[in-house]
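J.: Residue strings, one per chain:
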Amino acid sequence: MAVITNLGVGIGWRSEIDLTVERLPGVDFVEVVAENLHIGRLPESVTLLLERGIPVLPHAVSLSLGSADEVDLNRVEHLGGIAEAVGAPMVSDHVCFVRAGGLDSGHLMPVPRTKDALDVLVANVKLAQRNLPVPLALENVAALLEWPGGELTEGQFLAELVERTDCWLLVDVANLYANARNIGTDPERFLDEIPLERLAYVHVAGGVEHGDVYHDTHAHAVLPEVLGLLGELCSRVKPPGVLLERDDNYPSDTEIATELAAIRAVVDGHRG
Amino acid sequence: MVDDNGFPAARERLAAAQAELLTALLADGPAPAGFDEQRLDVERRALLSKRRGIVRMLGPAVADELGERFRPLFDAYAVAHPRRAGSRAREDAAAFAEWCRAAGELAVKRKARWKFWQSN
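From first to last, the protein sequence lines stand for chains A and L. Residue numbering for the first sequence follows our numbering, beginning at 179 and increasing consecutively. Residue numbering for the second sequence follows our numbering, beginning at -2 and increasing consecutively.
These are calculated hints, taken from the structure and not from any lab test. Heads up, a few of these hints could be off.
Reference excerpt, derived from the structure (chain L facing chain A, CB under 10 Å, subset only) [to be verified]:
(1) Phe4
(2) Ala7
(3) Glu17
(4) Val39
(5) Leu55
(6) Gly64
(7) Arg68
(8) Ser84
(9) Gly101
(10) Ala104
Pairwise CB distance ranges (calculated) [claimed, not checked]:
(11) Asp72/L to Lys293/A: 19 to 25 Å
(12) Gly406/A to Arg42/L: 41 to 47 Å
(13) Asp72/L to Asp426/A: 19 to 25 Å
(14) His448/A to Arg87/L: 41 to 47 Å
(15) Pro267/A to Ala13/L: 15 to 21 Å
Ideal placement from N, C-alpha and C gives every residue a C-beta, glycine not left out.
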């Protein structure tokens, strides 16, 4: 039984576009970056959205659950506290590592697709789940490089993760596109291999090409190819929700509204 | 029965591999075996660019004062001072400004305050 259904189309709430998010038509739900909020001092704009009945889902970027380091339970507790503060039915982070060897990469780094990495990730995820008040969804990340010695495809890796932890999946179709471009992931096979019945919702974002590499910047327009992958996903399952992430180089309200409308058109095109 | 922090051997192997990769990407360490060197370079530049952008955003006055020197100075600072786990972006921005001052690249910050003992 899905924890969340019929979220609709949403956008990542960011303080830089708080007024935009408030006044845009057709925002059915939002995500907040948990690390940017303080429990007990929610931004006025987020409170306003909650008062309107807009679901607010906390999204974390720093749990580093794919890291060999021990899980930082303070970070897990903060995420859970934000979930309770906004009454969220679910929280999320990524299948990645951020920190290792005492260093912080400042980014969501891919984990090796090995049994070792999967065992560690599973143990970390279970520990986080036991310390969270609501279910956890985990998102596929965009990789610029490929670890050697991969034993599983990305889809198989995520399927095993779900099987062993009962977590949900947050599928980012822009990250899937990035991996298809940069490390040769087969997107259709990925969608075939992951358990779509455990799909929490979907992320869509923009990026840009530099040379032969696609960079998932969240600071450029969404590519038609990414919307194409959203369509591919929608042809297999009706996603409970689809959310646009924009994190920098913010365009006009009109451009954001146009991107949301394009996403809605893809989702509605596969309805029924 | 596997305990919660199970798989100690797997954890140890993964820790070594992840630390080796981050040291290569962030602190000019040797390239780990099996990786495409060009892609390591792409990743290294992407991480540096992201960190530089955050420091520029958090300290626009420092970036403005440095002008065209900002980028080469930041890149030299960054590789010598990779971000430590648990550190905050604002600390990074402050440490960079301090590093520039120590190198004589930035004017020494003067706190505007009224010194009553100098006033007449």
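J.: Taking the hints in turn, state whether each one holds.
T.: Here is how each hint holds up against the structure:
With 10 Å as the threshold, the beta carbon of Phe4/L comes within range of chain A, its nearest partner Cβ sitting at about 4 Å, so the hint holds. The beta carbon of Ala7/L is positioned within 10 Å of a beta carbon in chain A (closest approach about 4 Å), and the interface hint is therefore held. Restraint check, Glu17/L versus chain A: the minimum CB separation of about 8 Å is within 10 Å; hint holds. The closest approach between the C-beta of Val39/L and any C-beta of chain A is roughly 5 Å, which is under the 10 Å cut-off, so the hint is satisfied.
At its closest, the beta carbon of Leu55/L sits 13 Å from a beta carbon of chain A; the interface hint therefore is violated under the 10 Å criterion. Residue-level restraint check for Gly64/L is violated (minimum Cβ-Cβ distance to chain A is 22 Å; threshold 10 Å). Residue-level restraint check for Arg68/L is violated (minimum Cβ-Cβ distance to chain A is 17 Å; threshold 10 Å). This hint holds: Ser84/L has a C-beta 6 Å from the nearest C-beta of chain A, less than the 10 Å allowed.
With a cut of 10 Å, the hint placing Gly101/L at the interface with chain A is violated, because the nearest CB-to-CB distance is about 28 Å. The interface hint given for Ala104/L is violated, since its Cβ lies 28 Å from the closest Cβ of chain A, which is over the 10 Å cut-off. The supplied range of 19 to 25 Å is broken by Asp72/L and Lys293/A, whose beta-carbon atoms lie about 38 Å from each other. A beta carbon spacing of about 29 Å between Gly406/A and Arg42/L contradicts the range 41 to 47 Å that was offered as a hint.
Taking 19 to 25 Å as the suggested C-beta distance range, the pair Asp72/L and Asp426/A conforms, at roughly 20 Å. As the Cβ distance of His448/A to Arg87/L is approximately 44 Å, the hint placing it in 41 to 47 Å holds. Look at Pro267/A against Ala13/L: about 39 Å separates their beta carbons, and that is not inside 15 to 21 Å.
The structure fails hints 5, 6, 7, 9, 10, 11, 12, 15 (numbered hints given earlier, in ascending order).
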